[in-house]
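Read in order, the letters of the sequence shown are residues -26 to -1, 1 to 269 in mature numbering (1 follows the signal peptide of the UniProt record, and there is no 0).
Do not rely on the hints blindly, as some may be mistaken.
[Said to hold, decoys possible] For each label pair, taking beta carbons as the anchor points, the in silico distance ranges come out as:
{"no.": "1", "residue 1": "E90", "residue 2": "P189", "range": "39 to 47 Å"}
{"no.": "2", "residue 1": "A182", "residue 2": "V220", "range": "25 to 33 Å"}
{"no.": "3", "residue 1": "A193", "residue 2": "S164", "range": "26 to 34 Å"}
{"no.": "4", "residue 1": "A208", "residue 2": "Q183", "range": "21 to 29 Å"}
{"no.": "5", "residue 1": "Q63", "residue 2": "R159", "range": "33 to 41 Å"}
{"no.": "6", "residue 1": "S164", "residue 2": "P142", "range": "41 to 49 Å"}
{"no.": "7", "residue 1": "S207", "residue 2": "W149", "range": "35 to 43 Å"}
{"no.": "8", "residue 1": "P209", "residue 2": "R179", "range": "19 to 27 Å"}
{"no.": "9", "residue 1": "V139", "residue 2": "V172", "range": "17 to 25 Å"}
{"no.": "10", "residue 1": "G162", "residue 2": "L111", "range": "18 to 26 Å"}
Simulated from the structure, these hints should not be mistaken for lab results.
For clarity, every value in this text was computed on a predicted model and none was experimentally measured.
Glycine included, C-beta positions come from ideal geometry on N, C-alpha and C.
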Amino acid sequence: RRREGTAEPWLLFLLQLRSAHHGLGAAPSTADCLAGVSRGHHSNWKPEDPGSPISSVPPASYPKPWLEAQPAAIVTPGINITLRCWAPQPAWRFALFKSGDAAPVIYRDVASELAEFFLEEVTPAQGGSYRCCYRRLSWGPGVWSHPSDTLELLVTDELPRPSLVALPGPVVAPWANVSLRCAGRVGGMSFALYRVGVAAPLQYRRSAQPWADFPLPGARAPGTYSCYYHTPSAPYVLSQRSEPLVISADGSGSSDYTQGNVVRLGLAGLVLAFLGTLVVFDWRSRSRAPGSMWA
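When you get a sec, could you build the whole thing from the sequences and use the hints?
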């Protein structure tokens, strides 16, 4: 038998649900996502009544999610993109924001650790910096997680032209090595080094950095080079080739090499002259000896 003055169970449920949704009837603003946690950090912040069915959690329990793009973060126009926001714990609502926009691009209500945001047939205007955040039912009104790290989405037909430089410099001695650095704008790309007159890439490598280094032995380094880079997987986006870079042999090195040969030849000549003198001296000594037929 229900005690007098006790609310019906269904009414308690509705009250709890109303409390959970308080202030969340519309999509959150960027300020909600980025400042919601800071409200939890205010010096006067304290948990709600532990007996309440809806209680807040300490700020340390608001870990940020991470955001990724499929099939890639660099694509050509017209490609369908899925931005995936992963929460480290089951969430209730996710929001996706683009830098410079006051309102979220998309938001999702899903009882899961993952929310997917679909961008169909993207255009260059949809490129930019994206972040996401999430909240749970048990958190107080207006409290959101820390935002994810920024994801840079680039929608373009062609990547920016890379630069190609020689380290330590474009003039190389025959016995020294040189490294050619091809530098682009974004990391995680595949780089190719070309030499003028050779159709196939001279070297090819993938780098987590926005650049890749190609070592060359000094004796074979002289020549003209260029490079380019592209996304490591389909849909491929290519850059233009870099400006050509000319690597030349060190003239002082060649001069030193020639001077060394002259010195060695001079020493050899002196040795031969000395040996010739000994032969002549020996011959004269023999010709003056008693009983010699030349005496």
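Look at the Cβ atoms of A193 and S164 and judge whether their distance stays inside 26 to 34 Å.
Given a distance of about 28 Å, which is inside 26 to 34 Å, the answer is holds.
Measuring from beta carbon to beta carbon, are Q63 and R159 in 33 to 41 Å?
Cβ of Q63 to Cβ of R159: about 35 Å, so the range 33 to 41 Å holds.
Assuming the hint says 18 to 26 Å, is it satisfied by the Cβ distance from G162 to L111 or not?
Cβ of G162 to Cβ of L111: about 37 Å, so the range 18 to 26 Å is violated.
Range hint compliance [Cβ, S164 to P142, 41 to 49 Å]
26 Å, violated
Between the beta carbons of V139 and V172, is the distance compatible with 17 to 25 Å?
With Cβ atoms ~20 Å apart, the hint holds.
For the range 21 to 29 Å, tell me whether the beta carbons of A208 and Q183 fit it or not.
22 Å, holds
Would you say the C-beta atoms of P209 and R179 sit inside 19 to 27 Å of each other?
21 Å, holds
CB-CB spacing for W149 and S207 relative to the 35 to 43 Å hint:
40 Å, holds
Cβ distance range 25 to 33 Å for A182 and V220, holds or violated
Distance hint for A182, V220 holds at roughly 29 Å.
Holds or violated: 39 to 47 Å for the Cβ distance of E90 and P189?
43 Å, holds
Violated hints, listed in ascending order, are 6, 10; each of the other numbered hints is respected by the structure.
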